Amino acid sequence: MTRTFALFAAMAALILFEGFTGGWNTALGIMNMGLISAIMALGVNMQWGYAGLFNAGVVGFVALGGLAPVLIATPPNPGAFAAGGLGVLAAVAVAAATVALAIYLNRRGSLQVRLLAIPALLIAGFFIYRAIFDPASVAIEAVNPSAAGNLGGLGLPVLMSWPVGAVLAAGAAWVVGKTALGLRSDYLAIATLGIGEIIVAALKNEDWLARGVKNVIGIPRPVPYEINLQRDPGFVDRAAALGIDPVAASTVTVKLAYAGLFLVVLLALIVLAQMALNSPWGRMMRAIRDNETAAAAMGKNVTRRHLQIFIIGSAVCGLAGAMMITLDGQMTPGSYNPLRFTFLVWVMVIVGGSGNNLGAVLGGMLIWFLWIKVEPWGNNLMDFVTAGLADGSALKSHLLASAAHMRLLTMGLLLLLVLRFSPRGLLPEK
Amino acid sequence: MDFLNAIVALLNFVIIPASSYGAQLALGALGVTLIYGILRFSNFAHGDTMAFGTAMTILATWGLQALGVSIAPLPTALVALPFAIAATAALVLGTDRAIYRFYRKKKSAPIILVMASVGVMFVMNGITRFVIGVDEIQFDDGTRFIINARAFRTATGLDEGLALRSTQVITLVTAVLVVWVLFWFLNRTRTGKSMRAFSDNEDLALLSGINPERVVAVTWVIAAGLATVAGSLYGLDKSFKAFNYFQLLLPIFAAAIVGGLGNPLGAIAGGFVIAFSEVGVTYAWKKVLGYVLPEAWAPEGLVQLLSTEYKFAVSFAILIIVLLFKPTGLFRGKSV
Numbered sequence: 000m001t002r003t004f005a006l007f008a009a010m011a012a013l014i015l016f017e018g019f020t021g022g023w024n025t026a027l028g029i030m031n032m033g034l035i036s037a038i039m040a041l042g043v044n045m046q047w048g049y050a051g052l053f054n055a056g057v058v059g060f061v062a063l064g065g066l067a068p069v070l071i072a073t074p075p076n077p078g079a080f081a082a083g084g085l086g087v088l089a090a091v092a093v094a095a096a097t098v099a100l101a102i103y104l105n106r107r108g109s110l111q112v113r114l115l116a117i118p119a120l121l122i123a124g125f126f127i128y129r130a131i132f133d134p135a136s137v138a139i140e141a142v143n144p145s146a147a148g149n150l151g152g153l154g155l156p157v158l159m160s161w162p163v164g165a166v167l168a169a170g171a172a173w174v175v176g177k178t179a180l181g182l183r184s185d186y187l188a189i190a191t192l193g194i195g196e197i198i199v200a201a202l203k204n205e206d207w208l209a210r211g212v213k214n215v216i217g218i219p220r221p222v223p224y225e226i227n228l229q230r231d232p233g234f235v236d237r238a239a240a241l242g243i244d245p246v247a248a249s250t251v252t253v254k255l256a257y258a259g260l261f262l263v264v265l266l267a268l269i270v271l272a273q274m275a276l277n278s279p280w281g282r283m284m285r286a287i288r289d290n291e292t293a294a295a296a297m298g299k300n301v302t303r304r305h306l307q308i309f310i311i312g313s314a315v316c317g318l319a320g321a322m323m324i325t326l327d328g329q330m331t332p333g334s335y336n337p338l339r340f341t342f343l344v345w346v347m348v349i350v351g352g353s354g355n356n357l358g359a360v361l362g363g364m365l366i367w368f369l370w371i372k373v374e375p376w377g378n379n380l381m382d383f384v385t386a387g388l389a390d391g392s393a394l395k396s397h398l399l400a401s402a403a404h405m406r407l408l409t410m411g412l413l414l415l416l417v418l419r420f421s422p423r424g425l426l427p428e429k
Numbered sequence: 000m001d002f003l004n005a006i007v008a009l010l011n012f013v014i015i016p017a018s019s020y021g022a023q024l025a026l027g028a029l030g031v032t033l034i035y036g037i038l039r040f041s042n043f044a045h046g047d048t049m050a051f052g053t054a055m056t057i058l059a060t061w062g063l064q065a066l067g068v069s070i071a072p073l074p075t076a077l078v079a080l081p082f083a084i085a086a087t088a089a090l091v092l093g094t095d096r097a098i099y100r101f102y103r104k105k106k107s108a109p110i111i112l113v114m115a116s117v118g119v120m121f122v123m124n125g126i127t128r129f130v131i132g133v134d135e136i137q138f139d140d141g142t143r144f145i146i147n148a149r150a151f152r153t154a155t156g157l158d159e160g161l162a163l164r165s166t167q168v169i170t171l172v173t174a175v176l177v178v179w180v181l182f183w184f185l186n187r188t189r190t191g192k193s194m195r196a197f198s199d200n201e202d203l204a205l206l207s208g209i210n211p212e213r214v215v216a217v218t219w220v221i222a223a224g225l226a227t228v229a230g231s232l233y234g235l236d237k238s239f240k241a242f243n244y245f246q247l248l249l250p251i252f253a254a255a256i257v258g259g260l261g262n263p264l265g266a267i268a269g270g271f272v273i274a275f276s277e278v279g280v281t282y283a284w285k286k287v288l289g290y291v292l293p294e295a296w297a298p299e300g301l302v303q304l305l306s307t308e309y310k311f312a313v314s315f316a317i318l319i320i321v322l323l324f325k326p327t328g329l330f331r332g333k334s335v
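Each protein sequence line maps, in turn, to chains A and B. Numbered by numbering that gives the first Met the number 0, the letters in the first sequence go through residues 0 to 429 in order. Numbered by numbering that gives the first Met the number 0, the letters in the second sequence go through residues 0 to 335 in order.
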């Protein structure tokens, strides 16, 4: 307990140090993304720490969660739904019905049915789907293409999109888990790697949904805009009374408001996760993780429990994805890089302490802090190393240019060192 | 005439590109499957090993070019390959000694080794970027075409051109040679046989006096060689970009699993299954169908099943189908 407290105090001190040396705006910026990273790490920790499942597609679930603010909070695109909304819905219904029928036939049908009817059904279903879907998506993309060209949102408060993001990610997790769980452990890793790539590819290319790489900007915020605060005489007076420049005060206020929202979600998740982990359900999960055969012999359905925890963990990642898009105020599918959103989250969980919720939270904040800070440190290091070299020499410019790649190297080394010398992480599981 | 045109278009846009891509995937999947058979984990660092190997090939190529070495009309990179393989083998042997051996001795769960390979992936990715940067690099300096599309059209009088790039032929020839040497090695030599024995039954192999560390070291050297060759061929054929090799990981894993993890023959078959499906599904069939079908039936759209951005979806779909119906793969692999 003292170790937990000391390490969290040290983390707070790092943020405060950054605030005093680098400015409160950057410090709070790092802290906000750190809180979101902590939530992602909590989700991955549920899968890995509670159940030993390796999810290599975190980026996909985060990206899918990020779709929710676009669908819920952006203003509607008038006429788009009339143009092709029903067509898209019908196409999705055809696709779902085809797959459901194929699964049913696969379970019930004879060998001939399985070998002949299922491929025929799937091929026919695919062409019907394309025949309905293609004109509908083209029609949607033709509505107001310069400003929107997508289905548009519902215009609801953005906070409502957070649980929706979790539900979207949970749905994708159900599909993957249903197929890949129950087989050998690395198959889940490879299947999730695939679904991650596909979700990101879909977000980049399905312009009718979230404008693809044209990006959605100006997603409504749950907190006031800086410019409105600066125009509010009451706010300016209060800032002046504290002796702060109103512009700086407004940015810090907005960031603090976000931090408050994120903290509420994070604390709620920690409380729920701790209660779950200490309940009979949590004991069962740990028993399954530590010895699947023994747990199965005691009558526990291992595959079902794995599916359950996989869905819950992915939902938490989706929630974090929705929160991140809310913080950024824009959806840029091109920025979902698996190294940043899958494997970095893994480093957070392993370094923080797999199986320990508070460890994952600490790891999330700490690794995010390092991820941001290693680049300037790398630049400084390279400046120092190359100080003796002549200006303009090829080696010097190469070394200076490659300082940017220090991040990946550092994170990989950190993961390997922790895995080897302290596999239980900073805050070990009890 | 229309029928000939259809065949030429099919060769030009589907069969030739898919064959060379399939050979590249097969070589990559062979590396993954060998590591899996001997060390019993899925090596996530394999894509970045390929990237590192290719980076070494590029550096050696530049060095050789500076020395004035040339085997025109073939690309200099082929001469550079042995140096690159040596460098990559040294790196993976060092990695094994520093990282994987510890977990092997401890008999850790396979998933821990997978996790360690993720760490290795990060480090190798960092090293590759550090050594060669993130820019796109073309390092093919040989003749570009064996058959030129325009020359083919004038020579045959067909409407469709047929382009055969030298890199595609080099890829196929090299792949056949490498696979032939590998299978000769696995089936005929003492070391190869001990590797197969170790893969089939570790305890029995140990009992009959096979040195496990030697088997593991040989496996890593072979995997490094395969990764370097596969990566360099891919780079010659398309171009080198470090991040692309990370994305090759999914089709390579899919190829290895579809063929049956741990089964070398399966990896080759899997590579071609994935490549042909990927190219076939993302190719716009309008042209070929337009030649074959009667005029009234000629398609209006592109007849492209999926846009090329979704090529990963093809590997993924095949992977899922195989996992659902035949988890051990087409050729019986391990499913422990």
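Read the hints as simulated data drawn from the structure, not as lab findings. Keep in mind it's a predicted model, so treat the numbers as computed, not measured. Keep in mind that the hints are not guaranteed to be accurate.
To be verified - Pairs of lysine-lysine, PhoX-like flavour, derived with a Cα cap of 25 Å:
1. B:K106 / B:K237
2. B:K237 / A:K395
3. A:K429 / B:K237
4. B:K106 / A:K177
5. B:K106 / A:K203
6. A:K372 / A:K395
7. A:K213 / A:K203
8. B:K192 / A:K429
9. A:K203 / B:K104
10. A:K299 / A:K177
11. B:K104 / B:K192
12. A:K299 / A:K429
Quick rundown of the hints versus the structure:
1. A hinted pair counts as satisfied when its Cα atoms are at most 25 Å apart, and K106 of chain B with K237 of chain B does not qualify at roughly 41 Å.
2. A distance of roughly 30 Å separates the Cα atoms of K237 of chain B and K395 of chain A; the hinted pair therefore is violated under the 25 Å criterion.
3. Of the pairs offered as hints, the one joining K429 of chain A and K237 of chain B is violated, with about 51 Å between alpha carbons and a cut-off of 25 Å exceeded.
4. A threshold of 25 Å between alpha carbons decides the hint, and for K106 of chain B with K177 of chain A the separation of about 30 Å lies outside it, so the pair is violated.
5. Our distance criterion of 25 Å between C-alpha atoms is broken by K106 of chain B and K203 of chain A, whose separation comes to about 42 Å.
6. At most 25 Å may separate the alpha-carbon atoms for a hinted pair to count; K372 of chain A and K395 of chain A meet this at roughly 22 Å.
7. A distance of roughly 9 Å separates the Cα atoms of K213 of chain A and K203 of chain A; the hinted pair therefore holds under the 25 Å criterion.
8. For a cut-off of 25 Å, the pair hint linking K192 of chain B to K429 of chain A is broken: about 46 Å separates their Cα positions.
9. At most 25 Å may separate the alpha-carbon atoms for a hinted pair to count; K203 of chain A and K104 of chain B exceed this at roughly 44 Å.
10. Restraint check for K299 of chain A and K177 of chain A: satisfied, since their Cα atoms lie roughly 17 Å apart, inside the 25 Å limit.
11. The suggested pairing of K104 of chain B with K192 of chain B holds, with an alpha-carbon distance near 23 Å, which does not exceed 25 Å.
12. Between the alpha carbons of K299 of chain A and K429 of chain A the distance comes to roughly 23 Å, so the proposed pair stays at or under 25 Å and holds.
Going down the numbered hints, you'll see the structure goes against 1, 2, 3, 4, 5, 8, 9, while the others check out.
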